[in-house]
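Chemist: As a plain string of letters, each chain reads:
There are 2 protein chains.
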Amino acid sequence: MDQRPNSGEHADIRLWLRLLYCASHIETALQSRLTAEFGMSLARFDLLSQLERAPGGLTMTELSRQMMVSNGATTSLVDRLAEDGLLERTAHPSDRRTTIISLTPLGRERFLEIAREHESWVIGLFEGLSGEAKAELLSGLGALKQHLSS
Amino acid sequence: MDQRPNSGEHADIRLWLRLLYCASHIETALQSRLTAEFGMSLARFDLLSQLERAPGGLTMTELSRQMMVSNGATTSLVDRLAEDGLLERTAHPSDRRTTIISLTPLGRERFLEIAREHESWVIGLFEGLSGEAKAELLSGLGALKQHLSS
Numbered sequence: 001m002d003q004r005p006n007s008g009e010h011a012d013i014r015l016w017l018r019l020l021y022c023a024s025h026i027e028t029a030l031q032s033r034l035t036a037e038f039g040m041s042l043a044r045f046d047l048l049s050q051l052e053r054a055p056g057g058l059t060m061t062e063l064s065r066q067m068m069v070s071n072g073a074t075t076s077l078v079d080r081l082a083e084d085g086l087l088e089r090t091a092h093p094s095d096r097r098t099t100i101i102s103l104t105p106l107g108r109e110r111f112l113e114i115a116r117e118h119e120s121w122v123i124g125l126f127e128g129l130s131g132e133a134k135a136e137l138l139s140g141l142g143a144l145k146q147h148l149s150s
Numbered sequence: 001m002d003q004r005p006n007s008g009e010h011a012d013i014r015l016w017l018r019l020l021y022c023a024s025h026i027e028t029a030l031q032s033r034l035t036a037e038f039g040m041s042l043a044r045f046d047l048l049s050q051l052e053r054a055p056g057g058l059t060m061t062e063l064s065r066q067m068m069v070s071n072g073a074t075t076s077l078v079d080r081l082a083e084d085g086l087l088e089r090t091a092h093p094s095d096r097r098t099t100i101i102s103l104t105p106l107g108r109e110r111f112l113e114i115a116r117e118h119e120s121w122v123i124g125l126f127e128g129l130s131g132e133a134k135a136e137l138l139s140g141l142g143a144l145k146q147h148l149s150s
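Which chain is which? The protein sequence lines are A and B, in order.
Under the numbering used here, the first residue of the first sequence carries the number 1, and numbering increases by one thereafter.
Under the numbering used here, the first residue of the second sequence carries the number 1, and numbering increases by one thereafter.
One chain only, chain A, in its complex shape:
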């Protein structure tokens, strides 16, 4: 949108629109390929990814907080992935009212298979971007992430 005349636009709005454009563009590209090649939504992949990073499993609260894509409520995603045998629910060892969600061996295998492809798509999307631009982005996004989390 920065190619259009918008001299009245605040610099922070310009920054936010660029950030949103880039994230949406990449998200849409990854979503299309996940659907076409694995019949999987980005939300499901994100959920499996969060569980793979937490070998001891996560409670529903932890899982919801860590999800990065928002489409689809976490509970219904968990229900469908459990039906497919990719994750399981067990009672928390010290609090039986709390449920721990973790990957099944099949879920881990399936996630790793898709993650390899997903990684190659991400590398392809950033290919051709200069090392300098990547370094600027990594540094600037690191500062923004820290700022937003504080």
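For the record, the hints were derived by calculation from the structure and aren't laboratory data.
What you are looking at is a predicted structure, and each value in this text was computed from that prediction instead of being measured.
Among the clues, some could well be false.
One copy or two, it doesn't matter: identical chains are merged, so the pair holds either way.
[To be verified] In silico EDC-like cross-links for lysine to aspartate or glutamate, where the CA-CA straight-line distance does not exceed 20 Å:
1. Lys145 <-> Asp84
2. Lys145 <-> Glu117
3. Lys134 <-> Glu27
4. Lys145 <-> Asp46
Given the structure of chain A, go ahead and fit chain B onto it with the hints provided.
Modeler: Then chain B, alone, in the frame of chain A:
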């Protein structure tokens, strides 16, 4: 996620996860405030914003292509905003089979009212981020945007 051990993660994945984290975090914050203060979704606000930038109106194809947030099909968003009197559909002057969608005066007034608040929220979210970090981000995202659009 870069605070967790993930030494096996490719640098481009790390970059993409930072980008996704920042965009999702800001999007969620803006969505909450839009809902709380104006009862409006980010998708509706985005749609009004695209129309405000196109004084002659847009066709449905142009509008769908320019939408940056993906939740909600554009057609149903247009239907609901038309019911609320915020936009109108007219026949294209040289091709009556094509519909042009544009803001009504009420739609423009409502958009500008919300946009002022939205701008102040965005400024608040980036507040405290150093000028250097903002410059890095603007430059890095500019390069990425150009790369993704090419």
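Chemist: State for each hint whether it applies.
Modeler: Outcome of the hint check:
In the homo-oligomer, the alpha carbons of Lys145 and Asp84 never lie at most 20 Å apart, since the shortest distance is 34 Å inside one protomer and 37 Å across protomers. With identical chains, the CA atoms of Lys145 and Glu117 are never at most 20 Å apart, being 26 Å at best within one copy and 23 Å at best between copies. In this assembly of identical chains, the alpha carbons of Lys134 and Glu27 lie at most 20 Å apart only when taken from the same copy (18 Å versus 23 Å across copies). For the homomeric pair Lys145 and Asp46, the shortest alpha-carbon distance inside one copy (19 Å) is at most 20 Å, but the shortest distance between copies (23 Å) is not.
Hints 1, 2 from the list above are not met by this structure, while the remaining hints are.
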